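K.L.:
Which chain is which? The protein sequence lines are P and L, in order. Position one of the first sequence corresponds to residue 1 (the working numbering), numbered consecutively onward. Position one of the second sequence corresponds to residue 1 (the working numbering), numbered consecutively onward.
Keep in mind that the hints were calculated from the coordinates and are not lab data. One or more hints might be untrue.
[What the hints assert, rightly or not] List of simulated lysine-lysine pairs, DSSO-like, C-alpha gap at most 27 Å:
no., chain 1, residue 1, chain 2, residue 2
1, P, LYS94, L, LYS574
2, L, LYS200, P, LYS192
3, L, LYS307, L, LYS200
[What the hints assert, rightly or not] Pulled a few chain L residues facing chain P out of the computed Cβ check, cut under 7 Å:
no., residue
4, ARG173
5, ALA588
6, SER589
7, CYS590
8, VAL598
Because the structure is a prediction, the values reported are computed rather than measured. Glycine included, C-beta positions come from ideal geometry on N, C-alpha and C.
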Amino acid sequence: MIRNPLEAILNSNKREEKTMSKPVVATTSLAGCFGCHMSLLDIDERILTLIELVEFNKSPVDDIKTFTKAVDIGLIEGGVCNSENVEVLKSFRKHCKILVSVGECAIMGGLPALRNGIPVEECLHEAYIGGPTVQLNKDGIMPNDDELPMLLDKVYPCHEIVKIDYFLPGCPPRADLIWDALVALVTGDPMKLPYEVVKFD
Amino acid sequence: MENTVKQIVEKYNTNRNRLMDMLIDIQESEGYISRDAIATLSQLLEMSQADVEQTLSFYHFFSTKPRGKYAVYLNNSPVAYMFGREAIKEAFEKSAGVRFGEVTSDGKIGLFDTACIGMNDQEPAAIINNMVFTRLTPYRVRELVKMMKEDKPIEELRKESFGDGKNYLPSLRSMVSSNIRRKGMILSDDYHFGTVLREKLPTLSPEGVIGEIKHSAIRGRGGAGFPTGLKWEFCRRAKGDKHYVVCNADEGEPGTFKDRVILTEKPELVFEGMALAGYAIGGEEGILYIRYEYRYMKDYLEEVLHKMRKEGLLGTNISGIEGFNFDIRIQFGAGAYVCGEESALLESLEGKRGEPRDKPPFPVERGYLGYPTIINNVETFATAVRIVQNGGEWFTQFGTDDSTGTKILSISGDCMFPGVYEVNWGFNVEDMLDMVGAYDVQAVQVGGPSGTLIGPDEFHRTLGYSDLSTGGSMIIFGKQRNLLRDVVVNFMEFFIDESCGSCSTCRNMTQVMNNKLKKILAGKGVANDLKDLKEWGRVLNASRCGLGQTAANPIISSLKNFRPLYEALLQKDKDFDEGFDLEKSVQASCSYVGRVPVFNHH
Ligand SMILES: Cc1cc2nc3c(=O)[nH]c(=O)nc-3n(C[C@H](O)[C@H](O)[C@H](O)COP(=O)(O)O)c2cc1C
Ligand code: SF4
Ligand code: SF4
Chain P
1 MIRNPLEAIL NSNKREEKTM SKPVVATTSL AGCFGCHMSL LDIDERILTL IELVEFNKSP
61 VDDIKTFTKA VDIGLIEGGV CNSENVEVLK SFRKHCKILV SVGECAIMGG LPALRNGIPV
121 EECLHEAYIG GPTVQLNKDG IMPNDDELPM LLDKVYPCHE IVKIDYFLPG CPPRADLIWD
181 ALVALVTGDP MKLPYEVVKF D
Chain L
1 MENTVKQIVE KYNTNRNRLM DMLIDIQESE GYISRDAIAT LSQLLEMSQA DVEQTLSFYH
61 FFSTKPRGKY AVYLNNSPVA YMFGREAIKE AFEKSAGVRF GEVTSDGKIG LFDTACIGMN
121 DQEPAAIINN MVFTRLTPYR VRELVKMMKE DKPIEELRKE SFGDGKNYLP SLRSMVSSNI
181 RRKGMILSDD YHFGTVLREK LPTLSPEGVI GEIKHSAIRG RGGAGFPTGL KWEFCRRAKG
241 DKHYVVCNAD EGEPGTFKDR VILTEKPELV FEGMALAGYA IGGEEGILYI RYEYRYMKDY
301 LEEVLHKMRK EGLLGTNISG IEGFNFDIRI QFGAGAYVCG EESALLESLE GKRGEPRDKP
361 PFPVERGYLG YPTIINNVET FATAVRIVQN GGEWFTQFGT DDSTGTKILS ISGDCMFPGV
421 YEVNWGFNVE DMLDMVGAYD VQAVQVGGPS GTLIGPDEFH RTLGYSDLST GGSMIIFGKQ
481 RNLLRDVVVN FMEFFIDESC GSCSTCRNMT QVMNNKLKKI LAGKGVANDL KDLKEWGRVL
541 NASRCGLGQT AANPIISSLK NFRPLYEALL QKDKDFDEGF DLEKSVQASC SYVGRVPVFN
601 HH
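Just chain P, same shape as in the assembly (with noise of 0.2 Å):
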């Protein structure tokens, strides 16, 4: 019996004698805090489908640091904080066809969104001069090489950089919801989104 819709894929390719080239996916970790990629691992066995399924290219998944082909999904987390994120997003978006948005970083800024209410020179007054943990900086040095990302006004969501074309909230997004989004990106088929996927209390 099949117990999933990727494994019928997967079958049904096995049997076109693997004329289709796998979908090729990347992930990254903008201003997230991993927990988004947690709950992709979170899908338990169905890793070991999805790895003969698809094909991954730049992810921490395997490390593959810079794009080496074109992509078809792009998954992100987090939000966009400085201008390495920036960057990354801009590139992602450049090399995959579909960017998606996972989790609430992504989407709205998150948890580090909550600076957005804060002048940044106060935030960096605080996290280098003025907060408490901060008393063995005597010389009150800032982080100013050219080497560091230069840090962004506010957390911004990623569609307010570049073009997203689908959301996945949830914080982190349930590892349920993540499978049955890819799984409805790579067969084409509309994705079910019951009621108790997307509420929230």
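Fit chain L with the ligands to the known structure of chain P by using the hints.
P.N.:
Coordinates of chain L with the ligands only, in the frame set by chain P:
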């Protein structure tokens, strides 16, 4: 101060559930609720200061800072703007010498914005120290401010004659007009108050009453349209030592004011309906939860209750029916639209923040203080009396098959005769516009911001639960109005302000969608934005209560029915534009840490 607080707490028997009343009394006597008052309250009530502050901070009319000897609350609904709010605001600011949101340095005059105060048929209007001033003009504003500066008593500030109907009564003395322009079974003068309690109930069992209500097929008049008979039956059957009857007079939906008119002109009918409901469900206590904006009616309503007690229509063994005991108390809110939602209302009644409860359990099972409770709209209770008087069968001849009876509409905006109209369900919009003298109409907002905005193509539609469902708010916009800028944004900001904040959908998406709308209005929109708005609107359905579930409606319904207005604003040559500017956004942090921004433009 400590003594004042002590007396107030004792007045309410040191009962924590009456925290709202205590806070209202303190706010009114001191002009604000000080840190010390909070400390004293928390001590006397044996609750943490945080708990007191939770409630306090939730409501618009409570403040921890003085609001001024004269606190002016100027309505900011779209209709207020249509009738000159900008000029009124400017006149207030100029003559008082402070901006809105501030208090003059001598502590005399405070100016504040407030959401629709239920005076849409006589805007611009403001509340000053609980007295409502309607139909303001810049001249009157200057005069008012001058008198405030001279410390004149509030009564002397009123130069207008009393409003029509009962507004002249000594206990009301209000310049508010009732503007009843069409009467039906509820607003008509041919009912003698008390007839049902005195003559009908002795012949009817509680089940009999519920039977008539069910037979009438009446559905709730507050907007959601739940069958009233069923609600009463569920409650009667629910187990509990006590049962409560709550009348919802929160009337917060912008554009509605008919409950104010019913309570001004026919309060006896409403209270009789509550007693009738008490008889039906086996409850002995009724509570009228009424919005703080209607505080000017307090003495009047207390007087009516007093009179009904004297006449034996409230009290014990009413109409000689053994064990039929019922009385009513009045509970004021303190400025929170969400408290009209029935479970939020219950929280507020218990002295807490007005955050909606998770359902089930529904109030009919676990309501006020955990006891089975029915909550109905003002109009529903008033209608129930006429149903029991004449029988459920009689009632069904009015209206349509699925919407029986009459509906009282609050009609305002661009028309000759704004006011209150009682019509049979099944009335169509075209007739309605002709009835009120509305010409060159661009759109009608049916059911307030949470309802739908319709254009001429849909004016053939009829009012009823299966077509255009409405709690009664009807706002008319003429051709000269800018719907998106002046109406939709205003309504979105209303929801943003009024969200209780529990659900991230309701708290965030309203903001996000409104920002997108503003971006479109600023000429930065692209075609995809319209798709986004439509999709994102659906996310709000996941919210806990009706506020969030309908909070995207101003955008969604205008997008559906007035799409060309949006399309005309879009950039045709771009498919993405969020206006993000990397160089600008790193400026502040770079200069603070002392580095020169470097950009590698590939
Ligand atoms: C945000 C919100 C505000 C509401 N405000 C009111 C109100 O002011 N008056 C009212 O009668 N019902 C209001 N309701 C509907 C009530 O929750 C409830 O359905 C109604 O009071 C039931 O009475 P009915 O069946 O007689 O209409 C509101 C609902 C929501 C979600
Ligand atoms: S959405 Fe939640 S789980 Fe995902 S990155 Fe943000 S904080 Fe972590
Ligand atoms: S939908 Fe909005 S108002 Fe209702 S409970 Fe959620 S946050 Fe509060």
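K.L.:
Each hint should be assessed against the structure and marked as holding or not.
P.N.:
Structure-based check of all given hints:
| no. | hint | verdict |
| --- | --- | --- |
| 1 | P:LYS94 - L:LYS574 | 17 Å, holds |
| 2 | L:LYS200 - P:LYS192 | 55 Å, violated |
| 3 | L:LYS307 - L:LYS200 | 21 Å, holds |
| 4 | ARG173 | 45 Å, violated |
| 5 | ALA588 | 5 Å, holds |
| 6 | SER589 | 4 Å, holds |
| 7 | CYS590 | 6 Å, holds |
| 8 | VAL598 | 6 Å, holds |
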